[in-house]
Amino acid sequence: EPEVTQTPSHQVTQMGQEVILRCVPISNHLYFYWYRQILGQKVEFLVSFYNNEISEKSEIFDDQFSVERPDGSNFTLKIRSTKLEDSAMYFCASTIENYNTEAFFGQGTRLTVV
Amino acid sequence: SQQGEEDPQALSIQEGENATMNCSYKTSINNLQWYRQNSGRGLVHLILIRSNEREKHSGRLRVTLDTSKKSSSLLITASRAADTASYFCATDAWNNDMRFGAGTRLTVKP
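Line order of the protein sequences matches chains E and F.
Taking the numbering used here, the leading residue of the first sequence gets 3, the next gets one more, and so forth.
Taking the numbering used here, the leading residue of the second sequence gets 2, the next gets one more, and so forth.
Bound-form chain E, shown alone (with noise of 0.2 Å):
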């Protein structure tokens, strides 16, 4: 069955230092979504994007994050210069539809910013 694989699955940082999290969407899906979890908590939208752009983003998605899709397979999420509030699992989407489909998810980024 096809997957959304992400890597790593634990990265710790230091506070201030640029992370890159990355994804590998299932191959004919064309939507792209992160969505953050602070340990217990809910599933935080970040941002989707499609057709090499950012379609939405939510008010987490500041200017410290970024989005890209390098190649025909990558879908990455970089933060500039890392908080301790960052520290959170980070989870990976991707869709073949925008709307009326199932989200398919990786098994997250564990990012500890210390």
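In case anyone wonders, no lab produced these hints; they're calculated from the structure.
Glycine included, every Cβ here is placed at the ideal spot set by N, Cα and C.
Take these hints with a grain of salt, some might be off.
Below, simulated EDC-like cross-link-like pairs (lysine to aspartate or glutamate); rule was C-alpha separation at most 20 Å, straight line [what the hints assert, rightly or not]:
| # | chain 1 | residue 1 | chain 2 | residue 2 |
| --- | --- | --- | --- | --- |
| 1 | F | 27 | E | 46 |
| 2 | E | 85 | F | 8 |
| 3 | F | 27 | F | 6 |
| 4 | F | 27 | E | 55 |
| 5 | F | 57 | E | 104 |
| 6 | E | 44 | E | 55 |
| 7 | E | 80 | E | 55 |
| 8 | E | 44 | E | 61 |
| 9 | E | 85 | E | 61 |
| 10 | E | 80 | E | 70 |
| 11 | E | 80 | E | 104 |
| 12 | E | 44 | F | 54 |
| 13 | E | 85 | E | 46 |
| 14 | E | 80 | E | 99 |
| 15 | F | 70 | F | 54 |
From chain F, some residues computed to sit far from chain E (all C-beta separations above 10 Å) [unchecked claim]:
| # | residue |
| --- | --- |
| 16 | 28 |
| 17 | 51 |
| 18 | 85 |
Mind docking chain F on chain E? Use the hints.
Same frame as chain E, but now just chain F:
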């Protein structure tokens, strides 16, 4: 806000019992979906119900949607210990991508 809010926050039942989780939301939606998450791992899609549907079944799962009350329920029948997980509803609106609620943590005791 669009996002759903589940209740209860936590539910503990015995194996074999039914589990009912509820979700309420505030805006008009295109569809509502239920996802399951095991111990902080990735979310797994369970079922999608469109705004023009009222009930849907998938195996031991039954989902209802009442758009007049802006609410949905997820029923898991004959629960098993392996059903222990967090369950999230997610709403998809025409002008917003999918938003999740805070989830219900279900514990099924063997």
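Outcome of the hint check:
1. Proposed proximity of residue 27 of chain F and residue 46 of chain E is supported: the alpha carbons are some 17 Å apart, at most 20 Å.
2. Restraint check for residue 85 of chain E and residue 8 of chain F: the C-alpha separation of about 32 Å exceeds 20 Å, so the hint is violated.
3. With a CA separation close to 9 Å, the supplied pair residue 27 of chain F and residue 6 of chain F stays within the 20 Å bound.
4. Restraint check: the Cα-Cα separation between residue 27 of chain F and residue 55 of chain E comes to about 28 Å, which exceeds 20 Å; the hinted pair is violated.
5. Note on residue 57 of chain F and residue 104 of chain E: the hinted pairing holds, with a Cα-Cα distance of about 15 Å set against a maximum of 20 Å.
6. Restraint check: the Cα-Cα separation between residue 44 of chain E and residue 55 of chain E comes to about 26 Å, which exceeds 20 Å; the hinted pair is violated.
7. About 15 Å separates the Cα atoms of residue 80 of chain E and residue 55 of chain E, which keeps this hinted pair within 20 Å; it holds.
8. Simply put, residue 44 of chain E and residue 61 of chain E have alpha-carbon atoms about 15 Å apart, close enough for the 20 Å limit, and the pair holds.
9. As the CA atoms of residue 85 of chain E and residue 61 of chain E are separated by approximately 16 Å, the hinted pair is consistent with the 20 Å bound.
10. A hinted pair counts as satisfied when its Cα atoms are at most 20 Å apart, and residue 80 of chain E with residue 70 of chain E qualifies at roughly 8 Å.
11. With a C-alpha separation of about 25 Å, the suggested pairing of residue 80 of chain E with residue 104 of chain E is violated against the 20 Å cut-off.
12. Proximity of residue 44 of chain E to residue 54 of chain F is assessed by CA-CA distance (about 26 Å); at most 20 Å being required, the pair is judged violated.
13. Using a Cα cut-off of 20 Å, the hinted pair residue 85 of chain E and residue 46 of chain E holds, with the two alpha carbons roughly 17 Å apart.
14. Of the pairs offered as hints, the one joining residue 80 of chain E and residue 99 of chain E is violated, with about 24 Å between alpha carbons and a cut-off of 20 Å exceeded.
15. Simply put, residue 70 of chain F and residue 54 of chain F have alpha-carbon atoms about 14 Å apart, close enough for the 20 Å limit, and the pair holds.
16. Residue-level check passed: residue 28 of chain F sits 14 Å from the nearest beta carbon of chain E, beyond 10 Å.
17. Here residue 51 of chain F does not stay apart from chain E, with its beta-carbon only about 6 Å from theirs, under the 10 Å limit.
18. Remark: the non-interface label on residue 85 of chain F is consistent with the geometry, its nearest Cβ contact in chain E lying 16 Å away (cut-off 10 Å).
In summary, the numbered hints that this structure violates are 2, 4, 6, 11, 12, 14, 17.
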